[in-house]
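Chemist: The sequence shown runs 1 to 184 under this note's numbering.
Heads up, some of the hints might be wrong.
Derived DEER-like restraints, expressed as beta-carbon distance ranges [stated by the list, open to error]:
hint	residue 1	residue 2	range
1	T109	H37	40 to 50 Å
2	R105	H37	36 to 46 Å
3	R162	A88	22 to 32 Å
4	V165	K43	14 to 24 Å
5	L86	A148	27 to 37 Å
6	H37	F179	12 to 22 Å
7	V165	R54	21 to 31 Å
8	A136	H28	34 to 44 Å
It should be emphasised that the hints constitute simulated quantities derived from the structure, not laboratory data.
Ideal Cβ placement from N, Cα and C applies to all residues, glycine included.
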Amino acid sequence: MTTETQAQTQARTQTQNQNQTHEYATEHAPRLSWAEHAPEVYKAMVRLDAAARRGVDPVLLELVKIRASQLNHCAYCLDMHTKDALAAGESVERIIQLSAWEESRHFYTEKELAAIELTEAVTVLTDGFVPDEVYAKAAKQFDEKELAQLIAAINVINAWNRFAVTSRMAPGHYTPGQFKGSTT
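All chains should be modelled from the sequences, with the hints used to inform the complete structure.
Modeler: So, in structure tokens, the structure goes:
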């Protein structure tokens, strides 16, 4: 009869652990299907979203949507926009670092940083206004038409976040491109 070495015991234990299934917490049920009960509002939001995204770089747009959704604790939109960003070619590393962008500035261009900082200022509004220096940085990186579209896109994702958080839309079921540019 042979005795197991320490390495063999560790390997066997790892295999056993990998074969075990994990029991996750129960998914919460949505409170309300607001789009079903307010279809005209939903359709207007879809049109507003489509209009706001015109002229905004798609990858930059996903970074903005992810950052606003992080700040608003919108798990549904985080699920959607991280998947869409990955499908559009964004890196996992840049998505992960987005929550700590101030310490991870070297992952982003100056234009992206200006958009992310503006997104944070518009989303949080802790001072009751967007600080002049934040707006000036964005105005330096974007022409007026681009800046107007970016501001619109930031406000639209904040509205989508509020609908999703309030109605408790459940994350985890979205597939990239599912709405093909029609929603959040």
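Chemist: Does each hint hold? Answer for all of them.
Modeler: Now the hints, each set against the structure:
1. T109 with H37: 40 to 50 Å: 42 Å, holds
2. R105 with H37: 36 to 46 Å: Given about 43 Å between the Cβ atoms, the range holds.
3. R162 with A88: 22 to 32 Å: 24 Å, holds
4. V165 with K43: 14 to 24 Å: 21 Å, holds
5. L86 with A148: 27 to 37 Å: 28 Å, holds
6. H37 with F179: 12 to 22 Å: 19 Å, holds
7. V165 with R54: 21 to 31 Å: 26 Å, holds
8. A136 with H28: 34 to 44 Å: 42 Å, holds
In summary, this structure violates none of the numbered hints.
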